[in-house]
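> Here is what each chain is made of, one letter per residue.
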Amino acid sequence: MNQPLLRTPLYDLHLELGARMVPFAGYDMPVQYPAGVMAEHLHTRAKAGLFDVSHMGQVRIRPKSGQIADAAHALEALVPADIVGLKPGRQRYAVFTTADGGISDDLMVTNMGDWLLLVVNAACRDADFAHVHDALNASCDVEMLADRALIALQGPAAEAALVALDPKAAGMRFMDVAQMELAGVSCIVSRSGYTGEDGFEIGMAEDGALTVARALLAHPDVAPVGLGARDSLRLEAGLCLYGSDIDQTTTPVEAALEWSIQKSRKPGGARAGGYPGAAIMAEQLTDGTTRRRVGLRAQGRAPVRGGAELFADEAGTQPAGYVTSGAFGPSVGGPVAMGYVAADHAAIGASLFASVRGRLLPVVVTALPFVAATFKR
Amino acid sequence: MTVYYTKEHEWLRVEGDVAVVGITAHAANELGELVFAEARDPGTTVEQGDSVAVVESVKAASDIYAPVTGDVLAFNDALGDDAALVNRDPEGEGWIVRMTIADASQLAGLMDKATYTALVG
Chain A
3 MNQPLLRTPL YDLHLELGAR MVPFAGYDMP VQYPAGVMAE HLHTRAKAGL FDVSHMGQVR
63 IRPKSGQIAD AAHALEALVP ADIVGLKPGR QRYAVFTTAD GGISDDLMVT NMGDWLLLVV
123 NAACRDADFA HVHDALNASC DVEMLADRAL IALQGPAAEA ALVALDPKAA GMRFMDVAQM
183 ELAGVSCIVS RSGYTGEDGF EIGMAEDGAL TVARALLAHP DVAPVGLGAR DSLRLEAGLC
243 LYGSDIDQTT TPVEAALEWS IQKSRKPGGA RAGGYPGAAI MAEQLTDGTT RRRVGLRAQG
303 RAPVRGGAEL FADEAGTQPA GYVTSGAFGP SVGGPVAMGY VAADHAAIGA SLFASVRGRL
363 LPVVVTALPF VAATFKR
Chain B
0 MTVYYTKEHE WLRVEGDVAV VGITAHAANE LGELVFAEAR DPGTTVEQGD SVAVVESVKA
60 ASDIYAPVTG DVLAFNDALG DDAALVNRDP EGEGWIVRMT IADASQLAGL MDKATYTALV
120 G
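For the record, the sequence lines run as chains A and B. If you count the first sequence from 1, position 300 lands on 302 in the numbering used here, and the numbers rise without skipping. If you count the second sequence from 1, position 118 lands on 117 in the numbering used here, and the numbers rise without skipping.
Since the hints were derived computationally from the structure, they do not count as laboratory data. None of the values given here were measured: they were computed from a predicted structure. There's no promise every hint is true.
Residues from chain B that face chain A, not an exhaustive set, calculated with beta carbons under 8 Å [what the hints assert, rightly or not]:
id	residue
1	Glu32
2	Val57
3	Phe74
Cβ coordinates follow ideal geometry from the N, Cα and C atoms, glycine included.
Let's have the full structure, built from the sequences with the hints guiding it.
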């Protein structure tokens with residue numbers, strides 16, 4: 003694993019903006035700019051943050067028949083989400099499941115009219131591509147879009163900043179996707195993101211990324227935000243980080259992601275099952291699971307981090323689960339975490355204790371998200 | 000009043016036979032705004048190089064290592080509600096812990112200001 007770090011097309015811009023760079027999923031990425039994680043987080047919730055997420059993988063699925071339904075049906079063999087019912091110009095969250103019912107990645111799927119666009123996690127990109135290619139190769143041309151960049155613009159001022167470049171942005175609703183020309187660059191814009199805020203994700207050819215980023219940063223309300231604040235923002239929004247909160251050992255039902263399995267794919271639905279681990283999911287959707295992903299608020303100020311063990315009693319004799327992500331939530335003004343707890347301790351308001359440096363700190367099971375989403379539905 | 004520095008970016012100020020310990024401005028800047036700090040309980044004996052306190056930013060927890068062997072005397076209670084005091088005045092009001100100095104000869108192994116300043120550039 004001693005390969006040189008990859009760079010996104012915005013690498014030089016990050017340095018120019020004074021970013022502190024760190025290795026992330028094989029890329030040299032900005033973890034923060036001079037403003038710092040706290041200020042960048044709060045700026046995103048107050049105005050708008052610009053994030054370079056070009057490290058994420060993008061995959062194009064083009065049906066050989068020319069019929070988008072054929073690609074959608076084929077992809078439904080890999081994910082429990084309703085892809086056939088996803089209309090042109092719409093995006094949806096999905097997970098790749100394993101035969102054991104685990105999650106091998108989470109992704110966004112967009113119906114581009116005559117092809118499907120997948121956006122997957124950087125660390126899973128190659129495995130995801132192989133997985134999709136192997137399964138869909140017979141009916142579809144599956145292509146890694148290695149020369150694409152992706153910029154997220156998130157926060158209450160995101161719409162105004164984007165409208166300044168193309169008024170069409172104002173008409174989009176949450177999870178709409180549109181083609182736009184921004185500062186002369188052809189872009190695929192979705193009204194979605196990973197912060198709980200209204201905002202957009204903007205994809206373009208690599209060589210147009212700098213132009214679009216500079217045009218957006220020229221807006222007085224837009225500031226660059228690094229991966230540090232991206233993590234605290236998504237945690238406050240109750241959104242999972244693949245590899246921490248979900249992985250091959252957690253099922254979508256355990257992870258409280260049932261909402262990503264639409265009615266048509268659930269038992270009794272028009273296209274029920276048909277994806278890896280479907281029998282396990284059917285059972286869990288009916289009978290529940292022995293553990294569940296929940297939100298956790300610590301009572302004091304000490305952050306409870308990923309890996310902390312949870313107990314039902316203050317003496318720490320009755321294990322109740324473990325924390326998968328934890329940080330200080332700048333907008334909440336206190337520690338926030340999520341983790342898996344035994345079903346009998348998963349009710350909102352349940353009291354648990356987290357082991358932090360040998361001490362047992364009281365935490366309370368709390369509804370997610372910690373900060374209300376402001377999506378434009 | 001003599002101040003010593005460690006390569007782990009702690010400072011130690013000798014006040015009589017007591018050491019006041021904190022983190023350097025360089026370290027505070029690197030860590031970013033702190034949201035929480037706590038120290039080992041008073042009376043705890045810590046060896047040189049052991050964790051004597053923890054400071055946390057939004058992202059991560061960082062250990063503060065004892066520059067010398069000694070007993071913890073007190074945590075800076077002002078940090079309980081306002082850990083960012085460390086960022087605002089790292090080598091003054093933002094001190095973290097007071098401790099005894101069990102073996103004053105350990106001080107000779109620490110850096111002076113000029114050496115530390117050269118280290119962090």
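> Hey, does the B:Glu32 contact hint survive, CB to chain A under 8 Å?
With a closest approach of 4 Å, the B:Glu32 hint holds.
> How about B:Val57: closest beta carbon in chain A under 8 Å, or not?
holds (5 Å)
> Does B:Phe74 pass the interface check with chain A, least Cβ-Cβ distance below 8 Å?
violated (13 Å)
When held up to the earlier numbered hints, the structure conflicts with hint 3 and nothing else.
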